[in-house]
Structure formats: structure tokens, C-alpha cells
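With these hints in hand, go ahead and build the complete structure from the sequences.
If you want the building blocks of each chain, they are given just below.
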Amino acid sequence: MTPEELYQIAEEEQESLKRFHFRMFVCTAAGCLSSHGDSVLDALKKEIKEAGREEECLCKGVGCMGLCSEGPLVFVEPDGVLYGKVKVEDAKEIVESLGKEPVARLVCPIDLPFFTRQKKVVLENSGVIDPERIEDYIAHSGYEALVQALTEMTPAEVIDGVFKSGLRGRGGAGYPTGLKWSTVSKGVGGAKYVICNADEGDPGAFMDRSVLESDPHRVLEGMAIAAYAVGASQGYIYVRAEYPLAIKRLQTAIRQAERCGLLGNHICNTTFSFQINVRLGAGAFVCGEETALIASIEGKRGQPRPRPPYPAEEGLWGCPTLINNVETFANVPAIIRNGAEWFAAIGTEKSKGTKVFALAGRVKHTGLIEVPMGIPLRDIIFEIGGGIPDERNFKAVQTGGPSGGCIPKEHLDVPVDYDSLSQLGSIMGSGGMIVMDESSCMVDVARFFMEFCMTESCGKCVPCRVGTAQIHDFLQKIINGDAVPDDLEFLKKICDMVKETSLCGLGQTAPNPVLSTLRFFRDEYVNHIVNKECTAGACKVPAKQEVHS
Amino acid sequence: MNPSIRVKTFKIDDRDVSAREDETILAVARQNGIFIPSLCYMDGLTPIGACRLCMVEIKGSTKLFASCVTRVEEGIEVITNSKRLQKYRLRILEFLFSERNHICSVCVSNGHCELQSMADQLGLTHVRVPYRYPIQPVDATHERFVVDHNRCILCARCVRVCDEIEGAHTWDIMGRGVEARVITDLNKPWGESESCTNCSKCVHVCPTGALSEKGKSTAEMKKKQQFLPYLTWIREGRT
Numbered sequence: 001m002t003p004e005e006l007y008q009i010a011e012e013e014q015e016s017l018k019r020f021h022f023r024m025f026v027c028t029a030a031g032c033l034s035s036h037g038d039s040v041l042d043a044l045k046k047e048i049k050e051a052g053r054e055e056e057c058l059c060k061g062v063g064c065m066g067l068c069s070e071g072p073l074v075f076v077e078p079d080g081v082l083y084g085k086v087k088v089e090d091a092k093e094i095v096e097s098l099g100k101e102p103v104a105r106l107v108c109p110i111d112l113p114f115f116t117r118q119k120k121v122v123l124e125n126s127g128v129i130d131p132e133r134i135e136d137y138i139a140h141s142g143y144e145a146l147v148q149a150l151t152e153m154t155p156a157e158v159i160d161g162v163f164k165s166g167l168r169g170r171g172g173a174g175y176p177t178g179l180k181w182s183t184v185s186k187g188v189g190g191a192k193y194v195i196c197n198a199d200e201g202d203p204g205a206f207m208d209r210s211v212l213e214s215d216p217h218r219v220l221e222g223m224a225i226a227a228y229a230v231g232a233s234q235g236y237i238y239v240r241a242e243y244p245l246a247i248k249r250l251q252t253a254i255r256q257a258e259r260c261g262l263l264g265n266h267i268c269n270t271t272f273s274f275q276i277n278v279r280l281g282a283g284a285f286v287c288g289e290e291t292a293l294i295a296s297i298e299g300k301r302g303q304p305r306p307r308p309p310y311p312a313e314e315g316l317w318g319c320p321t322l323i324n325n326v327e328t329f330a331n332v333p334a335i336i337r338n339g340a341e342w343f344a345a346i347g348t349e350k351s352k353g354t355k356v357f358a359l360a361g362r363v364k365h366t367g368l369i370e371v372p373m374g375i376p377l378r379d380i381i382f383e384i385g386g387g388i389p390d391e392r393n394f395k396a397v398q399t400g401g402p403s404g405g406c407i408p409k410e411h412l413d414v415p416v417d418y419d420s421l422s423q424l425g426s427i428m429g430s431g432g433m434i435v436m437d438e439s440s441c442m443v444d445v446a447r448f449f450m451e452f453c454m455t456e457s458c459g460k461c462v463p464c465r466v467g468t469a470q471i472h473d474f475l476q477k478i479i480n481g482d483a484v485p486d487d488l489e490f491l492k493k494i495c496d497m498v499k500e501t502s503l504c505g506l507g508q509t510a511p512n513p514v515l516s517t518l519r520f521f522r523d524e525y526v527n528h529i530v531n532k533e534c535t536a537g538a539c540k541v542p543a544k545q546e547v548h549s
Numbered sequence: 001m002n003p004s005i006r007v008k009t010f011k012i013d014d015r016d017v018s019a020r021e022d023e024t025i026l027a028v029a030r031q032n033g034i035f036i037p038s039l040c041y042m043d044g045l046t047p048i049g050a051c052r053l054c055m056v057e058i059k060g061s062t063k064l065f066a067s068c069v070t071r072v073e074e075g076i077e078v079i080t081n082s083k084r085l086q087k088y089r090l091r092i093l094e095f096l097f098s099e100r101n102h103i104c105s106v107c108v109s110n111g112h113c114e115l116q117s118m119a120d121q122l123g124l125t126h127v128r129v130p131y132r133y134p135i136q137p138v139d140a141t142h143e144r145f146v147v148d149h150n151r152c153i154l155c156a157r158c159v160r161v162c163d164e165i166e167g168a169h170t171w172d173i174m175g176r177g178v179e180a181r182v183i184t185d186l187n188k189p190w191g192e193s194e195s196c197t198n199c200s201k202c203v204h205v206c207p208t209g210a211l212s213e214k215g216k217s218t219a220e221m222k223k224k225q226q227f228l229p230y231l232t233w234i235r236e237g238r239t
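As they're listed, the protein sequences go chains A and B. Note that this note's numbering has the first sequence beginning at 1, numbered continuously upward. Note that this note's numbering has the second sequence beginning at 1, numbered continuously upward.
Hints were generated in silico from the structure; no laboratory data involved. It cannot be assumed that every hint is accurate.
Claimed, not checked - Mimicking DSS-like on lysine-lysine, the simulated pairs with C-alpha atoms at most 27 Å apart in a straight line are: (1) B/K188 - A/K499; (2) B/K201 - A/K300; (3) A/K493 - B/K201; (4) B/K188 - A/K300; (5) B/K63 - A/K499; (6) A/K492 - B/K87; (7) A/K477 - B/K87; (8) A/K492 - B/K8; (9) A/K492 - B/K59; (10) B/K8 - A/K186; (11) A/K492 - B/K63; (12) A/K493 - B/K59; (13) B/K83 - A/K493; (14) A/K350 - B/K83; (15) B/K63 - A/K493; (16) A/K499 - B/K83.
Right, here's the structure in full:
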């Protein structure tokens with residue numbers, strides 16, 4: 001594939017799109033598929049055929065459009081109408097209304113803050129292109145960045161660009177991506193590897209899944225650019241087996257890219273060669289930790305090992321290994337294409353670019369959103385999310401999954417960036433955001449996450465293995481009304497010890513949900529202990545029993 | 001000896017010490033007679049940093065470092081026994097005692113147990129976290145040895161010695177979190193294991209009464225661990 005051939009494919013594809021007067025996009029990502037988006041797609045195609053409008057109307061399956069709570073979604077161009085909760089029976093009506101008045105009862109307004117407040121970088125193609133066709137991706141400037149990097153830039157220039165963009169790891173910890181790339185590029189030894197971490201395990205998080213299902217080529221392109229920059233020729237995508245659709249689309253994308261000469265040997269007639277293989281996780285949360293993930297790819301038990309040495313120095317099979325999250329790689333093509341300055345202009349001083357969040361829980365509009373860094377938490381929940389349904393009151397928002405914390409309403413104006421969130425005892429995390437109203441008991445929330453950590457701890461180091469179980473039992477004791485006031489201080493001490501002494505990130509962050517709820521919602525704990533009552537009315541506290549001596 | 005390996009000097013508890021750059025803090029401390037507690041570490045086996053007892057402080061860092069896996073650096077100042085470390089170490093021991101059923105008075109290893117003597121040495125007087133009392137099996141199918149999961153602390157010494165020294169890899173770990181336990185072959189009874197060579201290395205490296213010889217009664221199981229440094233020495237000498 002030469003640059004000229006790439007532009008030719010893009011042009012042909014754009015031409016063929018222009019032939020159609022109407023274009024219908026049907027979401028076929030996992031969210032809408034669960035409410036039968038695929039049947040809607042088939043029904044629409046059938047109706048178009050029966051109406052004899054195949055020449056003027058294109059109907060294609062695309063990736064996630066974001067507003068998952070209203071799925072299945074159908075978007076119609078050039079009318080600019082978004083239909084929500086579309087059923088198979090509605091297909092005929094929708095096709096008939098093309099170019100006329102839209103079907104009023106199905107219309108979702110697109111001038112909602114949910115759409116207007118977002119800024120799409122990673123998700124720019126989601127909901128626009130057919131994830132199973134490489135031509136569609138190429139028509140939307142796909143693989144341009146890779147070709148540009150290979151033909152016009154040296155590896156050092158690529159790294160410099162990523163460094164200057166200020167991109168930080170989107171897996172949660174926020175390590176500067178350019179620095180990581182440059183460390184790996186300096187590693188010595190024969191082979192080097194690039195790994196994409198798609199083992200998304202936080203409860204309620206589905207950002208990486210959506211990116212892989214909606215725009216898989218973007219991740220492949222990002223990986224290939226990274227491989228060129230660090231000098232690797234082999235890549236792995238470690239994706240959890242619970243994401244069958246993402247796996248299928250990834251494998252299709254890899255095959256297509258290889259056929260087009262955009263992966264494989266001598267990409268773009270240069271000396272650069274890069275293969276990507278998919279590896280499936282077997283359901284362990286801890287395998288999202290980089291050293292455990294590497295052990296798992298090597299065929300060993302998925303357990304972390306102490307760092308240093310970091311994977312950048314000694315990773316897969318002892319070789320220098322670059323390991324980044326799906327979203328991090330998905331940012332790279334846009335940075336190369338639009339320049340580091342463009343990217344660095346988005347976001348805050350220390351957190352650049354955008355972040356994808358999976359907005360879930362007690363908000364009106366749940367789904368996938370992408371916002372610029374630094375946006376106040378309040379805007380995400382009350383504008384984009386549309387506030388709390390059923391006229392209830394907001395209580396807290398949980399970010400960062402089992403490693404994060406709960407942020408109460410006093411701190412709703414905090415800008416969403418790495419440093420501000422960690423000051424509040426939470427973390428940016430991979431992007432799960434669960435909103436809770438007054439009917440949620442914060443002790444029970446802490447217990448839920450601790451139960452998750454307890455069952456997902458690999459069992460290698462003592463503080464995490466026994467500590468998470470002990471903390472969980474303490475929380476259960478509080479919920480059952482069996483705890484005494486002194487237990488709270490003791491609980492805090494155990495949390496501190498688990499945080500400080502655990503081997504890997506799982507144990508070091510496992511106490512965060514407990515510590516942050518203790519910090520902001522201590523009265524709920526006290527109410528459970530002293531009055532044997534649940535403030536939210538969510539837990540069933542057994543009636544206080546009189547003890548007769 | 002590789003001539004390109006450099007020598008570093010640094011401080012452990014205000015004492016000047018020197019080391020080869022590929023040595024760990026724990027190894028250097030031991031050479032200099034400085035005591036750092038440990039349970040999963042064993043000279044001759046790959047360190048895994050799992051028990052977290054050997055954690056030390058390094059001046060200038062708020063993080064703690066597992067000394068068995070931390071390489072020495074020029075000029076660092078290591079603190080092995082601060083109040084903070086003592087507190088954490090006691091808690092780790094409490095966790096271990098609370099995790100399974102460690103009833104010393106009826107244990108084959110009573111008086112010869114590394115967990116017991118570590119508790120004694122660090123001054124653990126009582127366990128403040130609730131005991132979990134899990135139901136754990138005992139496998140006595142092997143003709144010479146017994147594995148009692150009630151006493152296991154998951155230090156993985158048996159796993160490592162079997163894999164790295166004996167080369168049989170009979171032992172491994174299954175399950176996660178508190179459900180994790182050591183298994184032989186693919187979770188077959190030890191007596192039916194096809195890979196076990198009956199070498200007894202696992203039994204002798206086991207720090208507690210989890211692995212013992214049959215026919216031993218309370219407090220009779222003394223472990224003989226001298227073979228390991230000897231084997232390591234012979235092997236290193238030959239390469």
C-alpha cells in the first residue's frame with residue numbers, strides 16, 4: 001500500500017457514499033444489540049428494498065452513538081434526525097418518512113447537552129463508520145497518520161510528537177505516554193513488543209469495549225504507530241473473552257489491514273513490519289495489571305510481579321515491552337494527523353485531551369460520553385447526564401471503579417482531571433462513572449466494591465489476599481448492625497496497611513472506596529453502628545436485640 | 001564472575017555496607033548480620049515478594065520496598081525497623097494467623113515453625129482481627145507425605161522448589177484470593193500425582209506444618225533445609 005493507493009481508496013469510498021441521497025446509520029454495538037439493533041438493521045434494509053429505494057438510500061450498521069439508554073438508535077442523514085428505542089415494526093414508518101416529516105414519537109432531540117457538550121477525538125468515528133469495513137475507516141482519514149509517520153517522520157519525531165501532546169495513559173494511572181514510549185525505544189535487546197491492554201474489568205465500565213466494537217482500526221493504527229516509534233515488530237491485544245463482539249471485529253479488522261498491507265511485512269513499502277495477535281483473557285480482573293497481563297500472555301498464572309523492573313525494561317519474555325490501554329492507542333492517530341499542539345490545546349495544564357466515560361447509574365441519560373479534560377463533574381452529571389431521574393437528590397458519584405472513590409455533592413465543581421480527582425481520594429481510572437442518589441447506602445457501596453476486590457485478588461501477597469477479606473467482613477459486620485464504634489478506627493488502620501504494603505495496584509487501591517466513603521459519609525457508618533439504622537434505607541439492619549445478663 | 005558488574009556502597013540502618021549491583025537489599029542485610037523478617041523468601045529460590053514482611057523504607061521515598069526483590073542502589077539509606085514497619089509486620093502476621101486454622105498446640109511443626117518463631121521474634125502477643133476459620137481439606141493420599149491446607153500460608157516455596165530445583169513442577173496454585181490453595185498436578189490427590197518424584201524437597205522448604213512427613217506427631221516435624229544452599233552452590237560452581 002502506497003500513500004497514493006490509500007488516498008484512492010478513500011476517494012472511491014467517499015464517492016460511493018455521496019451516491020446515496022439518504023444515509024441511515026443503525027447502532028450495532030453491544031448496547032444496542034442487546035435491545036435487538038441487528039433486527040432493526042435487517043428490517044430497515046428489507047423495507048428499503050421493498051420500497052425500491054436501494055439506489056438512493058444507504059443503510060449501514062455502525063458503532064456506538066453514545067446514548068445507550070435510548071437504544072436501539074438510528075440516525076438519518078441528511079435529515080439530521082436521531083430515532084431512539086426503535087423497534088422492528090417501526091422500520092416501515094421510518095423508511096416512508098425519509099425526506100418528509102420525521103416519525104415524531106421516536107425522535108430523540110440532538111440538541112441535548114448530552115451531544116453538544118461532548119468533544120469527540122477517540123470516538124470521532126464511532127457511530128459514523130461501519131466497523132467491519134476498512135474502506136469506511138480509510139474514507140474518514142483512517143491510516144493516514146500511520147502512512148504519514150512511516151513516510152515522513154523518524155521514530156524519534158513520532159515520540160516527540162506524543163510527548164509534546166501531553167497525552168497521559170488512559171488506563172487510569174495517567175503515566176505520560178511519550179515518556180513510556182521513549183523508555184521502551186531506548187531498551188536494548190533483540191525483540192520488542194507492543195501490547196494493547198483491553199482487559200477492561202471495572203464494574204460498570206465499557207469504554208474500551210465500545211471503542212473496539214465501533215472503531216477497531218483506530219486501535220490497530222495507534223499500535224502500529226507505537227511499534228514504529230519504539231522499534232517493535234510484534235504486537236498483542238489482550239482482550240477479555242467476555243467481549244465476543246469486540247474480539248470478532250478486531251479479528252476482522254486485523255485481517256483486512258493485513259490484506260491491504262497496512263499490517264504485516266514491509267508496511268507502505270518501508271522496512272517496517274508489524275504483526276498483531278489477539279490474546280483472550282480468562283476472566284481475571286487482576287490481568288488488567290500490566291505484569292499479570294504479561295504473565296497471562298506468556299501462558300503463566302495471571303499474577304503480578306514486583307516492579308521494578310518495569311515492562312518497559314523487562315516485559316514480555318524478558319524483552320522491552322510497551323503496554324498501553326485501548327483509549328491511549330486510539331488517541332495516537334489523531335495526534336499524529338492533527339499535530340501535538342492541536343491536542344495539547346484541549347484540556348487542562350496537566351491533563352491534556354479528552355476522556356471517554358461510561359456514564360451509568362442514577363442519571364437520565366446513561367451511555368458513553370467523551371468530554372474535554374477539566375470539565376466540572378457537575379456538568380457531566382447534570383447537563384450531559386441530564387440530572388437525577390424520579391425527582392430524587394444526588395448523593396455521590398463513583399469514579400475509577402474498585403480502585404476509585406465516591407465524590408459527594410460538596411465537591412461537584414471539581415474539574416475532571418488526574419490530579420484533582422486524586423486529591424479527593426478518588427482516581428480518574430479507566431472511565432467508569434456511576435452516579436448514586438439518596439437511595440444508595442454508601443456503606444453498602446463500599447462493601448460491594450470490597451467484595452469485588454476480595455474475589456478478584458489473585459492471592460499472591462498477604463495484605464491484599466487476607467486484608468480485602470477482613471475489610472469486607474468488617475463492612476458486612478457494620479451493615480448487620482454488629483459493629484462497635486471502635487471498629488471504625490480499626491477499619492481505617494487495616495485499610496491504610498493494605499494500601500501501603502500490597503504488591504500491585506489492585507491491593508494498593510482496593511481500600512479507596514472504603515476510605516473515601518469514610519471521609520465523606522462517616523455519619524452513615526456511625527448511623528449503622530450506633531443507631532443500627534441505614535441512612536438511605538437500603539440495608540436491612542436486624543432489629544437491635546436486648547442482651548440480658 | 002562477570003567483570004562488568006559494579007560494586008555499590010550504601011547504608012542499612014546507618015551502617016555502611018557494600019554490595020554487587022545485582023544483589024538485593026535483603027541479601028546484603030543478611031550478609032551483614034542485619035535482621036529483616038521474611039517468610040516467602042528462601043535462599044536459592046526465585047524471590048517473589050509475596051509475604052511483604054521484608055518491606056523496608058528508603059530515605060527520601062514514602063513508598064515501601066520489598067527488600068527481597070529490590071536491587072541495591074548507590075548511596076541509598078535503608079531503614080529496616082521503623083515504628084511504621086513494625087506495625088505493618090505485626091499486622092501481616094495477624095492476617096496470616098487469622099486466615100486459616102493455625103492451632104500450634106496440635107501442629108506437627110509446633111516448635112519448629114517459621115510462622116510461629118517469626119511471631120515470637122516480632123513480639124506478636126495476640127491477634128486483633130477476627131479469625132476466619134475456613135474449612136480446609138487435608139490430603140493424606142501420598143504414601144510418605146501429608147498436605148494440610150489449614151496450615152498453609154501460600155508462600156509458594158513448595159511450588160518454586162519443585163519447579164526450579166527438582167524440575168517436576170508438581171505443585172501449583174489454583175483459585176483466587178482467600179480461596180487460593182496449593183495443588184498437585186491438575187488438582188489431583190497428591191498420591192495420584194504422576195509428576196511427583198517423592199523427593200521431599202517441598203516438605204522441607206515448607207515454613208509451617210502444611211507439608212509434613214507421615215508418622216510425625218505433634219511437634220515432631222523438623223525441617224531439614226540445608227540441601228538447598230548446597231544444591232545452589234554446586235550448581236553455581238558448575239556454570
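Straight-line alpha-carbon gap B/K83 to A/K493, limit 27 Å
Within the cut-off at roughly 14 Å; holds.
Taking 27 Å as the top limit, are the C-alpha atoms of A/K499 and B/K83 close enough?
Given that 27 Å is the threshold and the Cα spacing comes to 17 Å, the pair holds.
Is B/K63 within 27 Å of A/K493, Cα to Cα?
17 Å, holds
Below or equal to 27 Å on CA atoms is what counts here, so check B/K201 against A/K300.
Judged against 27 Å, a Cα distance of about 23 Å means the pair holds.
Taking 27 Å as the top limit, are the C-alpha atoms of A/K493 and B/K201 close enough?
With Cα atoms ~39 Å apart, A/K493 and B/K201 exceed 27 Å; violated.
Distance restraint between A/K477 and B/K87, which requires alpha-carbon spacing of 27 Å or less
Judged against 27 Å, a Cα distance of about 24 Å means the pair holds.
For the pair supplied as a hint, A/K493 and B/K59, is the alpha-carbon distance within the 27 Å limit?
23 Å, holds
Is it true that the CA of A/K492 sits at most 27 Å from the CA of B/K59?
25 Å, holds
Agreement of B/K188 and A/K300 with the hint, judged by alpha carbon distance not exceeding 27 Å
19 Å, holds
When you check the alpha-carbon spacing of B/K63 and A/K499, does it fall within 27 Å?
10 Å, holds
Holds or violated: A/K492 and B/K87, Cα atoms, limit 27 Å.
14 Å, holds
Within 27 Å, alpha carbon to alpha carbon, are A/K350 and B/K83?
Answer violated: A/K350 to B/K83 is near 36 Å, above 27 Å.
Checked against the numbered hints above, the structure breaks hints 1, 3, 8 and 14 and satisfies the rest.
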